[in-house]
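Participant: Given next are the chains, with one letter for each unit.
There are 4 protein chains.
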Amino acid sequence: MAPFDHPFLGGLLGDAETAALFAAEVEIARMVRFEAALAEAEAAEGLIPADAAGVIVATLRDFVPEMAALAAGTARDGVVVPELVRQLRRAVGEPHGAHLHHGATSQDAIDTAATLALLDALGLFSTRLDALEQALQQLAGRFGTTRVMAHTRMQAAIEVPAARKIDSWSEPLARHRQRLARIAEEIAVLHLGGAAGTLDRLGDRGPAVAERLGAALGLRPVVARHSERDGFADAAGLLSLITGSLGKLGQDVALAAQSETGEIRLASGGGSSAMPHKSNPVKAEMLVAMARFNATLLSGMHQALVHENERSGAAWTLEWMLLPQMAVATGAALRTALELVPEIAFAGRK
Amino acid sequence: MAPFDHPFLGGLLGDAETAALFAAEVEIARMVRFEAALAEAEAAEGLIPADAAGVIVATLRDFVPEMAALAAGTARDGVVVPELVRQLRRAVGEPHGAHLHHGATSQDAIDTAATLALLDALGLFSTRLDALEQALQQLAGRFGTTRVMAHTRMQAAIEVPAARKIDSWSEPLARHRQRLARIAEEIAVLHLGGAAGTLDRLGDRGPAVAERLGAALGLRPVVARHSERDGFADAAGLLSLITGSLGKLGQDVALAAQSETGEIRLASGGGSSAMPHKSNPVKAEMLVAMARFNATLLSGMHQALVHENERSGAAWTLEWMLLPQMAVATGAALRTALELVPEIAFAGRK
Amino acid sequence: MAPFDHPFLGGLLGDAETAALFAAEVEIARMVRFEAALAEAEAAEGLIPADAAGVIVATLRDFVPEMAALAAGTARDGVVVPELVRQLRRAVGEPHGAHLHHGATSQDAIDTAATLALLDALGLFSTRLDALEQALQQLAGRFGTTRVMAHTRMQAAIEVPAARKIDSWSEPLARHRQRLARIAEEIAVLHLGGAAGTLDRLGDRGPAVAERLGAALGLRPVVARHSERDGFADAAGLLSLITGSLGKLGQDVALAAQSETGEIRLASGGGSSAMPHKSNPVKAEMLVAMARFNATLLSGMHQALVHENERSGAAWTLEWMLLPQMAVATGAALRTALELVPEIAFAGRK
Amino acid sequence: MAPFDHPFLGGLLGDAETAALFAAEVEIARMVRFEAALAEAEAAEGLIPADAAGVIVATLRDFVPEMAALAAGTARDGVVVPELVRQLRRAVGEPHGAHLHHGATSQDAIDTAATLALLDALGLFSTRLDALEQALQQLAGRFGTTRVMAHTRMQAAIEVPAARKIDSWSEPLARHRQRLARIAEEIAVLHLGGAAGTLDRLGDRGPAVAERLGAALGLRPVVARHSERDGFADAAGLLSLITGSLGKLGQDVALAAQSETGEIRLASGGGSSAMPHKSNPVKAEMLVAMARFNATLLSGMHQALVHENERSGAAWTLEWMLLPQMAVATGAALRTALELVPEIAFAGRK
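Just so you know, the protein sequences line up as chains A, B, C and D, in that order.
Quick note: the first sequence uses this note's numbering, first residue 4, plus one each step.
Quick note: the second sequence uses this note's numbering, first residue 4, plus one each step.
Quick note: the third sequence uses this note's numbering, first residue 4, plus one each step.
Quick note: the fourth sequence uses this note's numbering, first residue 4, plus one each step.
Each hint can be trusted.
Just some of the chain A residues that point at chain C, by a computed CB distance under 10 Å:
| hint | residue |
| --- | --- |
| 1 | ARG156 |
| 2 | MET157 |
| 3 | ALA257 |
| 4 | ALA260 |
| 5 | GLY303 |
| 6 | ALA317 |
Worth flagging that the hints you see were computed from the coordinates, not collected in a lab.
Where a beta carbon is used, it is the ideal one built from N, C-alpha and C, also for glycine.
Produce the complete structure using the sequences and hints provided.
Facilitator: Written out as structure tokens, the structure is:
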């Protein structure tokens, strides 16, 4: 019933490449990677035996989760990690299993894994933004001097070169790429705080463990941000800025492709079950839908900033329900825009 | 990556019974049911041959869609129906296949199927609301006279019997059941309009076909409401009212179950990976998350009221992305509340 | 800086008649009316001396609040009532002043006053919905048989009579009027609960006082709904349904009035500072803006359903920040639609 | 009826200093400043007579708008500038008046003025963020070593020093200040495009005029961004990040100040009309309300990214209805937090 991996709507609304980054198996694999690297870091700092770390790392390399038990555990605990740690410890066996997840808390694993996922997604989107800017540049190359009508307040205004319109689609994308680079830098932090953000079980070795773990995972060691959600909310804002700009492109294309306007012709359009003569600007419409979808969900990500105390089950869960969807919607919008732009032909004024 | 049918989060956030009502196969089956009943109604009104209707009905009874082709078709057309009709017509074969979907448009099939799904969901929710009111009544039976502290503006106010608190959870549910009955009645309409809402291809037989088809599907025949989305938006509002009231219940339970307050004890709580002594009010927190989720998505359903012209690809798609999720969130919240309430024990003032 | 009573934007976005219902002086007058009627009801039930009630009622008739002190009190207490009660008691003087507000709490006065304001607004909107349906009927009378192009998915579909389009604007309004009547009935309740909803200070006279007070104010006496906010959220949903349907009308008009389409001509349009030849569909655009505004704010009204415990300062304040604005936006949209519809001329197909 | 300049709610919810930046008179003064500087720049580039510029600049220095006529003009044109230009030209008189607003469009004046207002607000907020960080540092100085209970998922977890909690409030503010500095830099652009963004009436002098005008107003000359709204939406996101972090602080304070928890005592609390013994955490609650308010409105600012064609009356107006309110809410939240923090005393564990 979810739109993105829906058996038939997914063809229209989904994006396999982005969705793969948020697949449950991949999420678990990232948490397992966190636990293995944690054990190594803690062994290097003398907090757990080197033997234990060796066995943990070796075992986790081949770990396959029992997904049904994870689901049952998540239903019970509100979070997957306690059951995952049980499975991991069982796989590692005694006596080393007990050293796994030492001094860490569920949120350390989950927020770190979520950060890695988001960074992967941002990397993908950066590439696509770049490709899209190039596609728009090519469009400008083909049609930039074609005269088109500018419309203000839904009325014909004056003629402008198509390049003006194309630039107004492209320039925000360049700004989004800069924002993306900056946000990717800002959020690339390790979430390691232990029960209440103080790494209380790691004694004076906490900072050194964080340093090592961060280095292993490519994340900056900082004081844990369990209850400081501005990084995730800011990233969500970027996703919605991207889809919003693509939605504007889509809306413009749909308006210019209207039967009566005909300033844009689309190489491909969607078919109708009642009117075979029609060619619908489906991809342009999708961009508008994705923009409004993310603009809607963004509000919830900002509601989740009111994250009470040292960890809010409610606010945190709300993020899980929203942010991956926003990411896939962004991926789908970028994919759709990359398909749409090469299909655009400016016909000039009728 | 979607929360509700997620391999492990689904255990916490999903609701299998509600999700089943929105499963892709079930959605397709409802559209197929629409097409079969349409053929029968049109044959009865002499618009298509009775033979054709007979073969259509018989064939559709055993129809199994090719889902991958439906996904590809949806990606192309923006809507599943053109490809579905192709598959159905091919299954029926010549010469009768051409009579299938006569005079109808994609939105007729989809909006009618969506209405049937929503009505099923509302029926389920009505039963659950009823069961939840009974569970709250039993809770009042057990603990109604226990003195608990009322809190206003986050401060202890005066003592009240627990019955007062329980009633404040229960009474909105009774109102929601009434709203639900009324909305279920209001939205139980047949969406049959043809290309532009005028049933142009059915000549003067349009109203008679609608009458027959509505009777077959249990829906009132009305002038098509393709671009009038108030029924769906109003239903979405009801879903958010329900989860909102359950979120209030959940927030109250989590506050009363705080370690320092301890006025409520929960028979089961979630475990922590770092602090085995803790018992977390996971179900109560879920109710808050679901409330904020639906409150967030509701906004998009109302944005979709700005449904331009006779059919908006963008606004309509936005509904598909939001309403089923809101329904499953509502089902999940009701399920969770039904689990939570029997686990509540009022401990009285410390 | 607020849009509705802004010195120059107010001309475009405001609605004086609706705004007057939510003016601070009028809000205070409603609370004063509540306090006077409460005193009378309590005297009739023997809870306060008849003399006191007499003096209270007589004094409150001419009461003029010191607004600056109310603002200071609200800043301190988070709610205007404590300072208002101080001013009222001072005006009444000793010994009767102490009997004013007996057994009531701030929320009793404010929620009851808010209910009365909302009922007034709904009454006004019902009248305007009725007038707007008539205006649309007249439009159909003038242009109903004109052939216009139906557009689906932003593409010309088939010709339909303008009556079809006009009906799609009008029929939701008829449904909204029915919803409005029902919601006005549902929310017309007295909010009287005392400190924690149990009327604890009124002994066994609570229900009788509520009965009398409700009768005096035209509101049903019910168990107080201090923390049950579904009535207000449901009413907010109705406001957004109304503006949403008007936004659809506005969007359709703006699209049909496009220079290239020209199916609708508007008797008046807005001027441009750069292009004197233009005639902008300003009123149509306003309707879209109002629809999206209310769709946005509605989300917050549903977030406020998570109203913790017996009274939430945070959630309650959030309602104050949203609901009056939504009401004025609705009034402004209805006013604008009533101006726009008579200016519409269907030109027929170019 | 608007919350921020409401006669009595304004005391609680408003912020005079921020509101002053968005006052109608100040907005007009900024547009007048734009027109004067434009005339000077155009004269320097030989587009209008130097005499005209001289008279325009001298006249505009003392210009007092007729506000009622501006309201009427805005109602008619959807935008204040056409009537404002009329008033300005009348004030300048013939023959020079005709040279005022040469080659510019309404959006040039309004977006530039809005940018200046937003930059002023961001400057004010930066100062307040700085002061708030200092106040939190002082709080840490006083109470940083006090042991307080960390709470995760609404349950007591382990003890931590109060400094941990205070840091979790403070660190996001430091990040917000960095975001603010960057966004202030990004949005500090001149909006000058003429009718359709091409400065068509300025011939080859467009860039030079923009250069001069930008220098005069302290804004970077760029290609006009009339329909590229990412700067405003991004700034709105920042406002909501700020209020969200303050809402988290407020929620934490309200929870720690609960009667049963008592880990925080507030020097001042709000009074109750029913329970004189209570001391309500009004300021903390306000911070939560402001956070949820801005999180709600942010969605609409992102919906407005779908800004059709070269200028959207609907999407642009929606911004006017939302962004100033978000700014004042941010100012009010910062003001309230600055009042609240010095009133906090950590009492340590009961």
